[in-house]
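Peer 1: Read top to bottom, the protein sequences are chains A and B. For the first sequence, our numbering assigns the number 18 to the initial residue and increments by one for each residue that follows. For the second sequence, our numbering assigns the number 10 to the initial residue and increments by one for each residue that follows.
I should point out that these hints are in silico values taken from the structure, not numbers from a laboratory. Glycine included, every Cβ here is placed at the ideal spot set by N, Cα and C. There's no promise every hint is true.
[What the hints assert, rightly or not] Quick list of the computed label-pair ranges, beta carbon to beta carbon: (1) A:L285 / B:Q207: 22 to 30 Å; (2) A:T219 / B:N46: 48 to 56 Å; (3) B:S95 / A:H127: 16 to 24 Å; (4) B:G90 / A:P126: 38 to 46 Å; (5) A:R202 / B:N46: 30 to 38 Å; (6) B:G40 / A:R202: 23 to 31 Å.
Each chain, letter by letter, is given below.
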Amino acid sequence: MTPSLARSAPPPRFQHRSLAEYVGIIVVLALVITSVVNTAPPLDTLQRGAARLFAPSGFLMQMFPPDFTHVDRIFWKLLETLQMAVAGAALGLICAVPFAILATDRLSPHPLIKTAARGCIAFFRTVPDLVWAIFFIIVVGLGPAAGVLALMIDKIGFAGRFFAEAMEEADTGPQDALRAIGASRMGIIFSAVFPACLPSFTATSLFALEKSVRGSAALGLVGAGGIGVDLKVAFDLFNYDEALTIILMMLILVVGVEQGSSWIRRKLI
Amino acid sequence: MNAPLDAGTTLAGSTLVGPVLRVSDLVKSYGGPTILNGVSFEAYAGVSLAVIGANGSGKSTLLKCLIRLTDPTSGRIEILGHEVISLASRALRRFRSRIGVVWQKHNLVPRLSALSNVLHGVQSRLSGPRSWWQWAATDAVRAEALACLARVGLDDKALQRVDSLSGGQQQRVAIARMLMQRPEIILADEPDASLDPQSGEDVMRLLSDLARQDGLTLIVISHRLEHTLQFSDRIIGLAGGLITMDVATQQADPIKLRRFFDKPTE
Numbered sequence: 018m019t020p021s022l023a024r025s026a027p028p029p030r031f032q033h034r035s036l037a038e039y040v041g042i043i044v045v046l047a048l049v050i051t052s053v054v055n056t057a058p059p060l061d062t063l064q065r066g067a068a069r070l071f072a073p074s075g076f077l078m079q080m081f082p083p084d085f086t087h088v089d090r091i092f093w094k095l096l097e098t099l100q101m102a103v104a105g106a107a108l109g110l111i112c113a114v115p116f117a118i119l120a121t122d123r124l125s126p127h128p129l130i131k132t133a134a135r136g137c138i139a140f141f142r143t144v145p146d147l148v149w150a151i152f153f154i155i156v157v158g159l160g161p162a163a164g165v166l167a168l169m170i171d172k173i174g175f176a177g178r179f180f181a182e183a184m185e186e187a188d189t190g191p192q193d194a195l196r197a198i199g200a201s202r203m204g205i206i207f208s209a210v211f212p213a214c215l216p217s218f219t220a221t222s223l224f225a226l227e228k229s230v231r232g233s234a235a236l237g238l239v240g241a242g243g244i245g246v247d248l249k250v251a252f253d254l255f256n257y258d259e260a261l262t263i264i265l266m267m268l269i270l271v272v273g274v275e276q277g278s279s280w281i282r283r284k285l286i
Numbered sequence: 010m011n012a013p014l015d016a017g018t019t020l021a022g023s024t025l026v027g028p029v030l031r032v033s034d035l036v037k038s039y040g041g042p043t044i045l046n047g048v049s050f051e052a053y054a055g056v057s058l059a060v061i062g063a064n065g066s067g068k069s070t071l072l073k074c075l076i077r078l079t080d081p082t083s084g085r086i087e088i089l090g091h092e093v094i095s096l097a098s099r100a101l102r103r104f105r106s107r108i109g110v111v112w113q114k115h116n117l118v119p120r121l122s123a124l125s126n127v128l129h130g131v132q133s134r135l136s137g138p139r140s141w142w143q144w145a146a147t148d149a150v151r152a153e154a155l156a157c158l159a160r161v162g163l164d165d166k167a168l169q170r171v172d173s174l175s176g177g178q179q180q181r182v183a184i185a186r187m188l189m190q191r192p193e194i195i196l197a198d199e200p201d202a203s204l205d206p207q208s209g210e211d212v213m214r215l216l217s218d219l220a221r222q223d224g225l226t227l228i229v230i231s232h233r234l235e236h237t238l239q240f241s242d243r244i245i246g247l248a249g250g251l252i253t254m255d256v257a258t259q260q261a262d263p264i265k266l267r268r269f270f271d272k273p274t275e
């Protein structure tokens with residue numbers, strides 16, 4: 018091969034890997050395979066399930082046609098679900114702001130406070146809202162109050178992180194300019210940081226509302242109020258046609274909120 | 010151009026006798042190279058002082074040290090009777106409220122109106138929501154902010170978002186914000202650097218006129234020789250972390266000054 022051809026030859030398709038890389042690949046493959054073998058349903062179970070689902074007297078057939086007899090009651094429960102979502106999102110977003118400020122490098126008064134705030138946000142975000150719902154049912158009893166509190170804590174974790182990231186990324190020039198004239202920390206936050214972060218805050222808040230609406234529908238399954246309670250009762254009593262009505266109305270609510278928030282995002286940002 | 014003033018001169022608007030600013034043996038090091046290596050100079054009330062030097066000579070670091078946006082490594086800074094380096098947090102805020110700063114980049118909040126941005130200048134004197142948002146401000150504060158905008162010729166743009174204004178207009182809004190602060194000394198860090206030549210000259214003339222009208226000391230970091238000669242009473246040149254030139258502008262030799270600039274400006 019001439020030197021010029023050698024220079025233009027394509028690179029090798031596969032690069033030589035180290036022993037550590039091979040071990041890593043084997044560990045990942047082993048993890049995936051053992052997970053699937055131990056937890057995924059075997060093929061015959063899937064076949065039996067599908068047969069039950071599509072049998073003439075099966076679950077799917079019993080769902081159709083949907084039963085609209087109690088649509089008015091479902092509507093009011095759905096409204097309660099929406100109210101839970103709005104209340105939980107609003108309270109969570111309001112509480113997320115101070116957490117986010119304390120978790121931000123430039124705005125937190127002390128590194129220890131920043132670490133504590135970040136820890137709280139991470140903890141709130143890591144624990145699922147259903148677990149929070151069970152916790153608050155123990156604290157305040159069954160009903161929508163527990164659901165609102167669960168959604169609030171979940172939203173502090175969700176929005177706190179994104180609010181803090183938005184504040185970290187905000188242009189520091191206006192903040193420095195106000196700091197240079199002796200403005201207070203609160204003055205800098207309200208005058209320079211929040212206006213700069215408004216588009217990001219708006220987008221995060223609308224996503225939080227969407228997440229809250231989806232979450233609130235499920236919280237009733239553990240007794241934390243909303244339409245989820247009726248859905249669970251309908252399934253428990255084998256009223257699958259009524260359950261389908263509830264699912265369809267929940268779908269309309271979630272899609273409606275998502276469309277509405279998308280429209281607001283387009284208009285505001 | 011202002012006539013250079015002697016030490017001890019008292020101007021209208023100032024009750025201070027002697028230098029309003031005195032820097033002694035100022036050293037600033039960021040761990041590695043020493044940026045400022047024993048800088049000493051004084052500035053008197055009502056004087057316009059230009060600080061010149063090549064890129065990296067420490068001009069901006071000097072300005073940041075003056076208001077403690079960065080802490081000097083050693084030395085003394087006395088401004089308006091304050092021993093700046095020893096000021097505690099609250100006292101530092103009170104001191105900063107007396108110093109107006111105009112930045113190379115205007116550092117306005119882009120989504121807000123010109124009036125809102127100017128109103129932020131009142132935070133040097135007032136705190137609380139009434140100084141944060143123009144809709145919450147008192148009528149007196151709103152009127153003063155509008156008057157500041159009028160002084161820079163932008164009262165007709167008061168409710169326009171600043172990001173819809175030209176670069177020169179944005180720098181004028183930044184100057185109006187500085188006026189709203191009612192400063193006793195103005196520090197300006199290359200306020201004409203990011204502007205076209207005409208806008209840059211307009212901004213420098215405006216700044217110089219406002220300082221003269223109010224009898225304020227103006228310390229300008231300058232990167233344009235023609236502006237240095239046109240709008241200053243005294244020039245100090247920084248090189249290698251030291252002041253290697255300190256001269257009244259009337260006696261300055263443009264050829265010697267040119268050495269302090271990175272490239273010809275004319």
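Peer 1: A separate judgement is required for each hint: does it hold in the structure or not?
Peer 2: So, going through the hints one by one against the coordinates:
1. A:L285 / B:Q207: 22 to 30 Å: The hinted range 22 to 30 Å is violated for L285 (chain A) and Q207 (chain B), with Cβ atoms some 37 Å apart.
2. A:T219 / B:N46: 48 to 56 Å: Cβ of T219 (chain A) to Cβ of N46 (chain B): about 49 Å, so the range 48 to 56 Å holds.
3. B:S95 / A:H127: 16 to 24 Å: holds (22 Å)
4. B:G90 / A:P126: 38 to 46 Å: violated (29 Å)
5. A:R202 / B:N46: 30 to 38 Å: For R202 (chain A) and N46 (chain B) the Cβ distance comes to about 34 Å; the hint holds.
6. B:G40 / A:R202: 23 to 31 Å: holds (28 Å)
Hints 1, 4, counting from the list given before, are not met by this structure.
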